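K.L.:
Going down the list, the sequences are from chains A, B and C. The opening residue of the first sequence carries number 1 in this note's numbering; numbering runs sequentially from there. The opening residue of the second sequence carries number 1 in this note's numbering; numbering runs sequentially from there. The opening residue of the third sequence carries number 1 in this note's numbering; numbering runs sequentially from there.
All the pointers check out, no bait thrown in.
Computed, partial: chain A to chain C, Cβ under 8 Å: (1) Ala20; (2) Leu27; (3) Ala35; (4) Gly38; (5) Val39; (6) Leu45; (7) Ser46; (8) Ala47.
Listed next, with one range per pair, are the computed distances between beta-carbon atoms: (9) A:Ala41 / C:Val123: 36 to 42 Å; (10) B:Gly184 / A:Ala41: 50 to 56 Å; (11) C:Phe152 / A:Gln21: 35 to 41 Å.
Honestly, the hints are just simulated from the structure, not real lab data. The structure displayed is predicted, hence computed values, not measured ones. C-beta: ideal position from N, C-alpha, C; glycine also.
Take a look at the letters that make up each chain.
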Amino acid sequence: MTRMNHLEEVQSMISARGRAQRLLNTLTAGVAVAAVAGVGAFGYLSAATLPGATSLSTSTISTTSSSGTTSSSSSFGLSSSSGTVRSSSGSGVAVSGGS
Amino acid sequence: MSRLRLLAGPDLSLGAERLHAHIERLGPPPVVRGALIDVLETSGLTGRGGASFPVARKWRSVAHHGSGPVVVANGAEGEPQSLKDRVLMSTRPHLVLDGALLAARALKASQVVLYVGEEHRASWAAMAGALAQRPEPELRRARLVAAPHRYVAGESSAAVHLLEASIASPTSKPPEPHIAGVGGAPTLVQNVETLAHIALIGRYGADWFRSAGRRGGAGTVLITIAGAVPSPGVVEIEAGTTVREVLDMAGGSDPAARAVLIGGYFGAWVDFTTAQDLALDPAALREHGLGLGCGVVGVISARGCGVCETARIMRYLAGESSAQCGPCFFGLRALADACGRIAEKGSNADDLARLHRWARDVRGRGACRHPDGAVTFLQSALHTFAPEFSAHPAHWRAQAPGRGVA
Amino acid sequence: MTDQLLWYTTRAAGAVSLVLLTAVVILGVLSALRFKAAGWPAFLTTGLHRNVALVTLVFLGLHIVTAVVDPFTNLGWVSAIVPFSSYYRTFWLGLGTIAAELLVAVVVTSLLRGLIGHAAWRVIHWLTYASWPIGVIHGLGTGTDAWSAWFFGVTCACVAAVGFAVVYRLVAGSRDPLAAPRASFRSEVERKSEP
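Pulled out of the complex, with its shape left as it was, chain A reads as follows (with noise of 0.2 Å):
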């Protein structure tokens, strides 16, 4: 080891210290942005995934999506105006694509 003295020692650390904060702060700022962009793609992976939107678009037509993800979800709009099937409870709640 070479010989240091305390000073320069003491120096390094709190500059390695200083580094390693700064690497967590822009690990931090990365995770954010790419929750961000996170919730972005998944909207789109969602919106696709679901029948009857291939967009975020205020269609209608309940036509299945032409993105060729599959689909688990099988149901399509049963009532005559509903482009997205929102809930399976059967409890009658109007959906509608329209605005």
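Based on these hints, arrange chains B and C on the given structure of chain A.
P.N.:
Only chains B and C this time, still in chain A's reference frame:
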């Protein structure tokens, strides 16, 4: 020279003094209550547990910090070389109980606890038996609690911790026991010898207490003499008696004696010649940067080896770490290993430098005072045995770390 | 369109919350292993764990708010607070409420650790081992449409990651070098019954 007060009465070999004999000899416990604190202040009594803290000041602090305090009689005696608490408890248990009773009444305590080392069977039996004989309600309700057989278990905060959290681990984290201890109540942790002195001060007063003592010291002290002396054991001396006088009581000391360990493993080594004229009184010793501690005076002769003894004791102290913090557990281990290397393989400049450097680094960094005590001990050894440390031949055979080595 | 947007957002935020929470759990598990490297001191793992936990709360909040204000779910704020009080998939949604509340309890106690003491904090923090799986089950159970491939895939990846981390932690053991001697000391100084 020996002024028997605590140890006065029937021969010690007869075992625990029974209550009726105790009352016949000394009278019933006095009725003093709150005024006792002033009497203790005048007497100048200091604690005999190791810190030599003024008793009256501690009591006032406990009284100040709340009501219903807890009184803990500390008879753990974790210091391996010390025998005085065991001797006192196993022969004069009622002195200790009187002292605890007076403390409980003066401070209006809610509870009395007797904290006795689990391995001190004779003391345990004596205290349990004595407790059963007592009619006073404060003592009827007293609890007898086993102190685990570890060096640090006798420390005040460890005692409180055991009563509170069932684990006797020490700490220097606030709050201190006298502010908030058992059950959050202010707790008085007092050594059993101190309580025994209080039992007599309560009967005879402060002036009587101060009538014994030399060279400015007050009262009597129990000293354990250990090591290279013909008759090691416990003696009661006047405070201020010199080391030379005390060693004479143990049959004189080896003319080739090299050094004296004052205060046990938590104390310090002193060169024999210098030690001779030291007065065994807390204030006098403090002027030399030393402490009376638990009153152990251990002699090592030139036939013994200061380096090897230091290495052995360092290894013990390192093994007794509570492993609550890195600086103590790893620091003391590193120091003990370096000491052991010097003892086993002979002096070398690197290990010596390490000892000095790491001792400085460890001090003050622990979660409790254990590493500080060990480091003080080590630094006194490096100073007192300087010639031996720098020219030690390889002659020590390392033993497995033991516990309770006297 | 807004209601669809809210719906997609709530699902997306829920998925993101799951991924973030998974990261938090894994970072927590790794913290116990005291990982250290050049340029990555031990406090980084714990610091990241804490920061990502707070980010998780933000997106969890987004998930809950968008679900509740969505006019078509008619969930109402009560169901976000009182478990099993919603009309919609009562049980599965209730699980979500429970998982969220456990998480909030853990974060609040962590922030107030100085007040409640270390022992209490530790006990409550273990509730995270309940919060995460309950969250996973909530995610899979709330709505048949939750079994879409992307979400299922994400869930599987998260479960696998946590499973791996936990197994690794159990196998590697605590890297705290004081753990063994401390345990040995404590076993010796524990209060025994009077002899």
